[in-house]
Each structure stands twice: as C-alpha cells, then as structure tokens.
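Asks: Turn these sequences into a full structure, and let the hints steer you where they fit.
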Amino acid sequence: MTNWQLIEDVRTRNPLVHTITNIVVANDSANGLLAIGASPIMAAAVEEMTELGEMADAVVINIGTLNADLVAAMLLVGKAANAAGKPVILDPVGVGATTFRRETVRRLLAEIQFAVIRGNIGELASIADVQWQSRGVDAGFGDAERAADIALKVARKHRAVVAISGAVDTISDGERVVTIQNGDPLLPQITGSGCLLSCVIGAFVGITEDYFEATVTASASYALASEYAARKLDEPLPASFRVAFIDELASWQTHDQAKLANIKEVR
Amino acid sequence: MTNWQLIEDVRTRNPLVHTITNIVVANDSANGLLAIGASPIMAAAVEEMTELGEMADAVVINIGTLNADLVAAMLLVGKAANAAGKPVILDPVGVGATTFRRETVRRLLAEIQFAVIRGNIGELASIADVQWQSRGVDAGFGDAERAADIALKVARKHRAVVAISGAVDTISDGERVVTIQNGDPLLPQITGSGCLLSCVIGAFVGITEDYFEATVTASASYALASEYAARKLDEPLPASFRVAFIDELASWQTHDQAKLANIKEVR
Amino acid sequence: MTNWQLIEDVRTRNPLVHTITNIVVANDSANGLLAIGASPIMAAAVEEMTELGEMADAVVINIGTLNADLVAAMLLVGKAANAAGKPVILDPVGVGATTFRRETVRRLLAEIQFAVIRGNIGELASIADVQWQSRGVDAGFGDAERAADIALKVARKHRAVVAISGAVDTISDGERVVTIQNGDPLLPQITGSGCLLSCVIGAFVGITEDYFEATVTASASYALASEYAARKLDEPLPASFRVAFIDELASWQTHDQAKLANIKEVR
Numbered sequence: 001m002t003n004w005q006l007i008e009d010v011r012t013r014n015p016l017v018h019t020i021t022n023i024v025v026a027n028d029s030a031n032g033l034l035a036i037g038a039s040p041i042m043a044a045a046v047e048e049m050t051e052l053g054e055m056a057d058a059v060v061i062n063i064g065t066l067n068a069d070l071v072a073a074m075l076l077v078g079k080a081a082n083a084a085g086k087p088v089i090l091d092p093v094g095v096g097a098t099t100f101r102r103e104t105v106r107r108l109l110a111e112i113q114f115a116v117i118r119g120n121i122g123e124l125a126s127i128a129d130v131q132w133q134s135r136g137v138d139a140g141f142g143d144a145e146r147a148a149d150i151a152l153k154v155a156r157k158h159r160a161v162v163a164i165s166g167a168v169d170t171i172s173d174g175e176r177v178v179t180i181q182n183g184d185p186l187l188p189q190i191t192g193s194g195c196l197l198s199c200v201i202g203a204f205v206g207i208t209e210d211y212f213e214a215t216v217t218a219s220a221s222y223a224l225a226s227e228y229a230a231r232k233l234d235e236p237l238p239a240s241f242r243v244a245f246i247d248e249l250a251s252w253q254t255h256d257q258a259k260l261a262n263i264k265e266v267r
Numbered sequence: 001m002t003n004w005q006l007i008e009d010v011r012t013r014n015p016l017v018h019t020i021t022n023i024v025v026a027n028d029s030a031n032g033l034l035a036i037g038a039s040p041i042m043a044a045a046v047e048e049m050t051e052l053g054e055m056a057d058a059v060v061i062n063i064g065t066l067n068a069d070l071v072a073a074m075l076l077v078g079k080a081a082n083a084a085g086k087p088v089i090l091d092p093v094g095v096g097a098t099t100f101r102r103e104t105v106r107r108l109l110a111e112i113q114f115a116v117i118r119g120n121i122g123e124l125a126s127i128a129d130v131q132w133q134s135r136g137v138d139a140g141f142g143d144a145e146r147a148a149d150i151a152l153k154v155a156r157k158h159r160a161v162v163a164i165s166g167a168v169d170t171i172s173d174g175e176r177v178v179t180i181q182n183g184d185p186l187l188p189q190i191t192g193s194g195c196l197l198s199c200v201i202g203a204f205v206g207i208t209e210d211y212f213e214a215t216v217t218a219s220a221s222y223a224l225a226s227e228y229a230a231r232k233l234d235e236p237l238p239a240s241f242r243v244a245f246i247d248e249l250a251s252w253q254t255h256d257q258a259k260l261a262n263i264k265e266v267r
Numbered sequence: 001m002t003n004w005q006l007i008e009d010v011r012t013r014n015p016l017v018h019t020i021t022n023i024v025v026a027n028d029s030a031n032g033l034l035a036i037g038a039s040p041i042m043a044a045a046v047e048e049m050t051e052l053g054e055m056a057d058a059v060v061i062n063i064g065t066l067n068a069d070l071v072a073a074m075l076l077v078g079k080a081a082n083a084a085g086k087p088v089i090l091d092p093v094g095v096g097a098t099t100f101r102r103e104t105v106r107r108l109l110a111e112i113q114f115a116v117i118r119g120n121i122g123e124l125a126s127i128a129d130v131q132w133q134s135r136g137v138d139a140g141f142g143d144a145e146r147a148a149d150i151a152l153k154v155a156r157k158h159r160a161v162v163a164i165s166g167a168v169d170t171i172s173d174g175e176r177v178v179t180i181q182n183g184d185p186l187l188p189q190i191t192g193s194g195c196l197l198s199c200v201i202g203a204f205v206g207i208t209e210d211y212f213e214a215t216v217t218a219s220a221s222y223a224l225a226s227e228y229a230a231r232k233l234d235e236p237l238p239a240s241f242r243v244a245f246i247d248e249l250a251s252w253q254t255h256d257q258a259k260l261a262n263i264k265e266v267r
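Protein chains in written order, with this note's numbering: chain D, 1 to 267; chain X, 1 to 267; chain C, 1 to 267.
Careful: at least some of the hints might be erroneous.
Derived lysine to aspartate or glutamate pairs resembling EDC-like cross-links, with alpha carbons at most 16 Å apart [to be verified]:
1) D/Lys232 / C/Glu235
2) C/Lys232 / X/Glu235
3) C/Lys79 / C/Glu54
4) C/Lys153 / C/Asp129
5) C/Lys232 / X/Asp234
6) D/Lys232 / D/Asp184
7) X/Lys232 / D/Asp184
8) X/Lys232 / D/Glu235
9) C/Lys264 / C/Glu209
For the record, the hints were derived by calculation from the structure and aren't laboratory data.
Nothing here was measured: the structure is a model prediction, and the numbers come from that model.
Replies: Okay, here's the thing in structure tokens:
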C-alpha cells in the first residue's frame with residue numbers, strides 16, 4: 001500500500017504540477033510543492049488550459065474561490081489532461097456549502113475522469129449524497145465506519161481513489177480501504193493544509209501509475225511531516241508550526257516514514 | 001465599552017466569517033481568523049453570495065483588489081446579510097486613491113447597511129469628504145481631534161460603528177468616541193494587518209448584538225496581541241513579527257487585556 | 001554601475017510601486033516592498049488603471065496568473081505610466097510555457113515602453129526567440145556567455161534594461177553587460193522570489209533616472225540579503241529562510257553591499 005521510494009523520486013524527477021487554486025492558499029501550495037521537489041505552475045486563463053493540461057505531469061483542481069471563468073478553465077484543463085493521460089486531482093473545497101459548489105462539482109465529476117478526489121469528511125459526504133453535519137468549509141464530526149463507507153461509495157461511483165482527510169485519514173480505491181492515524185492537531189489550524197495535501201498527492205500520482213499507493217504514501221508522509229514539525233516547536237502555535245511544517249516537507253526524505261506510519265487496512 | 005469575555009466566546013462558538021477580500025491578504029486573514037477560533041470562508045462568485053450572506057455569522061467586504069465582478073458579489077452578499085440580520089463590515093482599502101474606489105464605496109454605503117466601517121484615517125476622511133493628505137493605500141498624517149470628528153461624522157451618517165486604525169485607534173458609534181492607545185509599530189509594517197483586524201471585528205460582531213463593544217474589544221485585543229508578539233522578538237523585524245503575531249492571536253485568551261488596554265472615552 | 005545610496009533613498013522617499021501581479025506571490029511582494037521602505041499598491045481593475053499608472057512612482061507588470069481582463073489592465077496601466085513618464089517593469093513569468101503567454105508578452109512589448117525586463121534565462125530566451133531548454137515556469141540550464149548575448153539582444157531590441165536572474169545575474173542596458181555572483185541557493189526555492197525582485201527593482205527605478213544603475217544595485221542588494229538571511233539559519237530550510245529573508249530586506253541599509261557585492265563588467 002505504500003512505496004516510500006516515491007518521496008525520493010519526486011525530488012529527483014520534479015513533476016510539474018499544474019494547479020487551479022484559490023487566492024487563500026496559492027502561496028503555501030506553491031512553496032509546499034517546491035519544498036518536496038515538485039515544480040508548481042498556477043494558471044487559470046482559459047486560453048492556456050489545454051496546453052498546460054497536456055504539459056503537466058498532474059493537474060489539481062481546487063474549487064476554493066471558484067467563479068464562472070475558473071469553472072470553464074477547470075473543465076478545459078481536466079479534459080486536456082484526461083486526453084493526454086495525465087492524472088487529475090479534485091479538491092472539492094466547501095462543496096456542501098452552496099448550490100453553486102454542488103453543481104460545479106457534479107459537472108466536474110461528470111465531464112472529467114479524476115484519478116484522486118481528496119477532501120474532508122463533510123465534502124466527501126456531500127459528493128456521496130450522504131447526510132453530514134457540516135458548516136462552511138469545515139468538516140463536521142463523524143465516525144470511522146461512516147468515513148469508510150463514504151470513501152468506498154465515492155471511489156466506486158467515480159472510479160477514483162478517494163482520500164478523506166481528518167484526524168484519521170481514510171483512503172479507498174473502491175476495493176480496499178485504509179486508515180492513517182498520523183498527523184498533528186496543528187495541521188488543520190493552518191488554512192490550506194488540505195489544499196496543499198491535494199497538490200502533494202498530485203506530485204506523487206504524477207510519477208507513478210499506482211494512484212492508490214501514491215495517495216496513501218503521500219498522505220502518510222504528509223501527516224508524519226506535521227508530527228516532526230510539531231516536535232520542533234517550543235509551544236504548539238499555528239504560525240510557527242506553518243513555517244516548521246514547510247521546512248519539514250523540504251527535508252522529509254530524511255524521515256523514517258516506514259517505521260512511524262500507522263496505516264491499517266480496514267476493509 | 002469592553003467585554004473581554006467575547007474573546008473566549010469567539011473560541012467557543014466559532015463564528016463563520018465570510019470575507020470577500022483581496023489576493024494580497026487572503027491567506028493571513030484566513031489564518032488569523034482560524035487562530036482566534038473563528039471559521040473563515042472566502043468566496044466571491046455571484047452565484048453563491050446570497051446563500052453565503054445568509055449562512056455566515058458576519059460578512060466582511062474588503063475592496064483591496066476589487067473589480068466589476070467582485071463589486072457585484074459585494075452588493076449581493078451585503079444585501080443578503082442585511083436581509084438575514086447578519087452584520088456586515090466594510091474595509092474601504094485605498095478608497096481615496098481612485099475614482100473607481102470612491103464610487104464603489106459610495107454605492108456599497110448606499111445599498112448596504114454596515115454594522116462596522118473600519119479603515120485608516122485617510123480612508124475614513126475620504127468617506128467623510130474631508131481633506132486629508134493621503135497617498136496610495138497608506139494613511140496620511142493627522143491629529144486625534146480630527147480623527148474623532150471624522151469617526152463621529154461617518155458613524156452618524158451611515159448609522160454604523162466606525163473604527164479608524166492607526167498608532168491610536170479611534171472608534172465611534174455616532175454618540176461616544178473612544179481611543180485605544182495600544183499596538184506595536186511593527187503591526188502596520190505587515191501588509192493586511194488592517195484587513196485582518198476587519199475580519200477579527202467581524203468574528204466579534206458575529207456573536208453579539210453590541211457592535212460598539214465588540215469593535216472596541218476586538219481592536220484593543222488585537223493591538224495588545226501586537227505588543228505581546230513584539231516582546232517575543234530578538235529584533236523588531238517584520239517577517240518574524242508576522243509569525244509571532246498570528247501565534248499571539250492563537251493564545252490571546254490568555255492575555256491580560258483588562259489590565260493593559262489603554263482605552264479612553266474622549267467624547 | 002552601482003549607487004548604494006539608493007537603498008537609503010528608497011527608505012526615505014517611500015516610492016509608490018503599483019503592481020499587477022498574481023495570486024501566488026502578491027502577499028510576499030507587498031511585504032517585501034514594505035520591508036525596504038516602499039509603498040505597495042496592488043490593483044487590477046481596468047476602471048482605475050489610468051489613475052494608478054499616473055500616480056505611481058513605478059509600475060510592475062507580472063503575468064504569473066494572467067487572464068484576458070488582467071491583460072487589458074496591464075495595457076492600460078502601462079500606457080498611462082508611459083504617458084506620465086513613470087518607469088514600467090515587465091516580469092514575463094513562464095512566458096515560454098504557453099502560446100497565450102508568448103502572445104501576451106509580444107503585445108505588451110509592442111504597446112508599452114518598458115524601463116526594465118526581468119526574468120529567468122528561459123523567459124528571456126523566449127523573448128529573444130532563442131532556443132532554450134525550459135519547462136513550466138522554471139529556468140532551464142545554460143551558460144554565462146549565452147545569457148550575456150540574450151540580455152544584450154533583448155535590451156537593444158526593446159530599449160530596456162534587461163535583468164536575467166539566476167545563480168549568476170546578468171544585466172544589460174544594451175551597451176554594457178554586468179554579472180552579479182551573489183545570492184544563496186535557498187532564494188529560488190521560495191516561490192515569488194523573482195517576482196519580488198521585480199518589485200524591488202521597481203522601487204529603485206521609481207526614484208532615479210539611471211535605470212541600469214538602479215537595476216544593478218537592487219539586484220546585488222537583493223542577492224546579498226539572501227546571503228545574510230541564510231547565514232542566520234540553523235539549517236538551510238526554505239520556510240525559515242523566507243522569514244529571515246524578508247527580515248533582512250527590512251534591515252538591508254545596514255549591510256555592507258559595497259564590500260560584498262561581486263559585480264563584473266563582462267562586455
């Protein structure tokens with residue numbers, strides 16, 4: 001389920017990750033991708049989406065601050081990447097919050113074949129048409145069993161790897177379901193920490209054909225980096241953590257992921 | 001004039017603050033809101049403004065990098081929040097700098113009932129139609145008396161709490177005027193420190209009906225956090241300060257605001 | 001070729017630098033400009049570009065996340081600045097990556113007279129119509145001789161100072177070519193470090209008429225600040241470096257640039 005060698009391969013091969021993202025997290029996503037050795041490009045003009053979709057090693061579509069122009073760009077770049085055989089990752093930020101987001105995600109899922117769909121439990125529940133207590137872009141509370149059900153359901157329906165991020169990560173390819181019990185509680189206190197994980201998954205699926213293994217490896221490594229970063233802090237405070245975390249991503253090939261990752265196959 | 005309990009209440013109740021903001025400060029505004037325990041959402045598509053205006057506990061409209069599409073979104077979300085009885089905060093960034101900004105702010109003020117208007121002295125002078133030496137988005141120089149006059153005038157005219165930020169903050173509800181003499185000089189050296197204050201005020205007015213008290217409490221707490229942050233630095237340098245400041249916001253319920261706030265009723 | 005007094009003059013005169021930039025780097029560019037004592041304004045509405053082009057001391061056009069609306073704004077602000085005799089700086093981010101970028105830059109160069117064009121070697125090679133191995137927004141590998149040729153060619157054709165940033169900076173005014181061998185390897189690991197340099201050059205050319213001297217001085221000072229920042233780190237990690245670097249910009253008038261700059265006239 002894991003292939004820790006991918007961490008080193010990303011640094012050697014510098015996959016080009018093209019991201020349509022939002023104004024809140026674009027900077028951290030770019031710096032995080034640079035830190036792990038990937039090559040970020042963030043553009044959103046419809047005029048260049050086809051070329052970039054073909055050129056990139058992976059495309060990440062994040063609906064955080066979407067609008068009609070960006071949706072048009074998302075559709076173009078997703079289809080171009082599909083046609084070129086490049087993996088596309090969906091980050092359905094706050095999809096349950098508004099009708100526009102729900103309809104946009106429905107359309108993206110209908111017209112683009114995604115390799116990976118990554119979000120929090122509230123977002124994936126919305127895609128699965130399952131009731132979930134959710135408010136704004138934050139996840140509601142829930143339990144592990146239902147997360148596994150939702151991951152499995154969405155993975156099967158959309159023939160994609162589904163990664164539900166939270167205190168416990170739940171990842172499914174439609175057959176298997178694994179959980180990852182790693183990660184420091186400071187991580188979700190940083191805006192865009194989920195968006196950056198989607199980009200990091202993009203870098204990993206950009207260099208391998210086993211998207212499930214890549215997603216599990218990226219998610220576990222990312223969670224472990226947050227643990228390493230938190231251990232370096234004098235006090236558990238978010239802005240210091242954010243600096244320490246990006247620094248950890250830059251040095252994560254030196255971590256002992258194989259030993260520290262707490263990954264279980266639950267289905 | 002103050003209610004320090006609000007600090008704890010924000011952390012307990014996690015008000016949802018919807019912000020239409022600019023590409024420069026969006027990340028700091030989101031991280032700052034998370035740090036104080038609020039729940040940020042930043043979206044700007046006209047298609048979802050009505051829903052978000054109804055759903056949010058407070059709406060912050062920041063014109064930093066405005067354009068015609070964003071103005072349409074601002075009007076929609078402001079009216080929806082008004083209709084739903086949710087407070088709306090205006091941050092008229094650089095309003096005096098261009099005709100487009102002046103006209104946009106005039107229109108926003110005419111069509112939306114704001115709970116709070118927060119800006120620097122140059123911005124509020126422009127709204128008050130008072131002459132003020134101003135350049136770009138930076139405040140010009142002035143004196144306390146004129147700030148009080150301007151705050152009072154704008155507060156009365158627009159039936160809103162007005163907060164003028166600067167070395168001394170001046171806040172009026174159209175009857176009273178208070179000044180707050182707190183805050184470290186490093187604070188304005190961070191881009192978006194004013195924009196984040198507007199969001200923080202949004203979080204406070206989102207959980208109480210006394211907007212004046214909420215604005216004074218938020219402003220004083222914010223200024224005090226900058227003093228705490230500055231004291232932790234080896235040298236007074238801006239990027240280190242920025243990290244320390246967001247960290248302080250995450251721990252400000254442990255500060256002794258009641259003792260350290262220098263608040264005076266001047267009218 | 002250098003005038004170190006400009007560093008102090010920027011801090012005293014606070015040039016207003018208007019930047020049309022991208023969602024990835026806007027925050028760092030604003031904080032970096034504030035750190036050196038300049039006054040940033042970032043706006044992009046076509047309605048206000050003429051006023052801002054006239055008002056600013058310098059205008060920086062960065063095509064990082066361009067779209068049709070932004071291109072219209074770029075043309076307006078560039079022409080307004082030209083008419084008002086204000087210097088305009090072009091940062092052709094990733095110009096070689098897509099047809100839309102190439103055509104946009106061609107049009108900007110045809111309709112606006114730039115004072116300075118700053119980019120990496122891949123971007124300048126694209127403008128010079130010279131073959132260069134390039135991928136996405138990252139520079140390819142090359143040699144000093146070809147960089148000098150490209151700088152000279154573009155500088156002559158567009159009657160602008162050309163600054164090619166990299167491990168070695170190459171700067172030409174169409175007659176002379178100088179190289180700067182300063183700068184820490186961490187600098188390009190920060191997204192937008194080149195974009196911020198374009199803004200810093202904007203601040204310098206905003207207060208002097210000798211654009212070549214201003215560009216060489218700004219570039220060398222900037223590279224030296226990265227060396228100072230790197231020396232303060234316990235470990236060479238990017239997020240810590242980013243904080244230290246902006247801090248160094250805030251204190252760079254205390255550096256000994258004259259002694260440490262490694263500048264050579266090579267043509």
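Asks: Determine for every hint whether it applies to the structure shown.
Replies: Hints, verified against the model:
no., hint, result
1, D/Lys232 / C/Glu235, "holds (13 Å)"
2, C/Lys232 / X/Glu235, "holds (13 Å)"
3, C/Lys79 / C/Glu54, "holds (9 Å)"
4, C/Lys153 / C/Asp129, "holds (10 Å)"
5, C/Lys232 / X/Asp234, "holds (13 Å)"
6, D/Lys232 / D/Asp184, "holds (12 Å)"
7, X/Lys232 / D/Asp184, "violated (24 Å)"
8, X/Lys232 / D/Glu235, "holds (13 Å)"
9, C/Lys264 / C/Glu209, "violated (22 Å)"
In terms of the numbered hints stated before, the structure departs from hints 7, 9, listed from lowest to highest.
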